[in-house]
Every structure is written in C-alpha cells, then in structure tokens.
Amino acid sequence: MSTVEFPSAAAARQETLEALPENDGVFDGLRELYRFRELLLMWTDREIRIRYKQSVLGAAWAILQPLCLMLALTVVFSYFAPMPSDGVPYPIFSYTALLPWTFFATAISFSVPSMTNNMQLISKIYFPREILPLASVIVAFVDFLFATVVFAGLFFFYDIPVTLNLLWVAPLLLLQTVLILGIVFWVSALVVRFRDLRFVVPLTIQLWMYASPIIYPMSVVPDKIKPFYQLNPMAGLIESYREAVLRGGTPDAAPLLSAALVSVALLISGYRFFKKSESEFADII
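When we follow my numbering, the leftmost residue of the sequence shown carries the number 1, and every step to the right adds one.
Hints were generated in silico from the structure; no laboratory data involved. Just so you know, even glycine gets a beta-carbon here, dropped at the ideal spot from N, CA and C.
DEER-style ranges, computed between Cβ atoms:
#1 V221 - R35: 45 to 51 Å
#2 L57 - E280: 38 to 44 Å
#3 P84 - F199: 31 to 37 Å
#4 F27 - Y210: 37 to 43 Å
#5 A265 - G153: 32 to 38 Å
#6 V75 - F199: 28 to 34 Å
#7 E280 - L173: 30 to 36 Å
#8 L39 - P222: 46 to 52 Å
#9 R37 - L261: 26 to 32 Å
Can you build the whole structure from these sequences, using the hints too?
If you want it as structure tokens, here you go:
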C-alpha cells in the first residue's frame, strides 16, 4: 500500500520563505494585493462574521460603543464638570470626534493580534501577509459606517447647517486611513517580535485619547504648547472634522499639513518595515 508523505514543519516554512517575493517596493506590494484581492475580501468577511457570531445585538454593538461613550461624556462634562464646546451642543460636539476616534482605536486594536492569531496559516502557505492587518482595518471601517447612523440623527436633530465644506469629510477620512494603515503596519509587525506590545498598545490608545481634542475643544489648549500638541496627527484631524462638519468652515492648513506629513511618513516607513519583517514571521511565530 502506498503512503502519502507530508512535508515537515521545517520544510513547509522553507517553502513559504522561498515563495515570498524579493522586492518590497510599494507598487510590487500593491500588485500582489490585487492578485490576492479575493482572499482579502474572503478574510474580511470571515473576520466580520466571527466578530458578530453568537451576538444578540450583532452589528448594533458598532453603534452602541461610541453612542454610550458619548452619553457618558455628555453627562459628566455637561452637568458635573462643564466643558466648553465652542457653542455647539455637547452631544454632537463629542460624537463628531468619537466617531473617527473609534475607527482609529478599533482598527489598531484589531490589528494587534492579526499576525500571532494566524501563526499556523502564516507558517504553511504564501499570501501577502499585509492582508491580515488590512482586514482588521476594513472591519473597523465597517463598524465606522454603522456608527454614522447615530451621527446623521444628531446632525439633523441639532439642525446643523449643511455646507459645501462638508465635502472635506472624504479627504479627511482618506488621510485618517493613511495614518491608521501606517500605525497598523508598524504595530502588527512589531508585536510578532515583542509580545508585550499586546498590553502596551491598549494603554497607549487610552492615553492618546486624552491627548487629543475629543472631550475638549482645541481652543482650551494653551498657546505655548499648541505647536507640540499639533504634532499629534489625530489632533489636527479631529479639529478639521469639527471645523468642516459643525462650523461649516475650511480646516486650518497648519495642523492638517502636520497630520498629512506624519501620516504619509508612518505609512511609507511602516509598510517597508512590515515587508522587511515578512520573511521572519514564520520563524519567530
């Protein structure tokens, strides 16, 4: 009777490494992603299904998370410790910041275990590894889209004027996605080597929230520290969202330019670091 021999784990890892493309250029990476686009969609669909599997409320959790936080902040900073909101009702003032912030925080949090949770897959077959963290970002974006339902309700409830500057939301969201991807590539690659980052990242995100104008307006930040404060790309983005959506104005160029420079630098460096680390993932994991 003939028998079928399966390759050893070491042999499988060697085959995987040999399959990895040598060029880590951005355009080569994009071509690879396009080749594996169906896998990206399948993996994203799988992650969404797992996220809401056996959940009574399902996708409603994507709405409840920022909504509940907005209600809690409104109670605290409207009644117990009043916080200025630049003449805008505090619920929509805070939610305009919480909506993009939740997308930011959720995408990064989802990406942290994206590599280590799929160690068997990574060690056995070749596919562009960035598919795993990218799927995490897409899942977070789907949550973001669900949560915009509440924002639309608040927008019309408080009779916020609709202006052409509302169109700024699209490029701001694109820029924020660039920032998220840059951080996600760095974090998802580093956590393979330094597992303690699984605990450091959530704490960092929590502290980062208080270092961004979410519960307070940018106007309360002292002028002497504003140049340093605006080095935080989320500060410029959140203030730009509020300017375009709530005030109907054009976002200030200085903080937006700072956010753009930091975001692009993080994406380029993060993607290159991720691709350079790619060949080590199977061995380290």
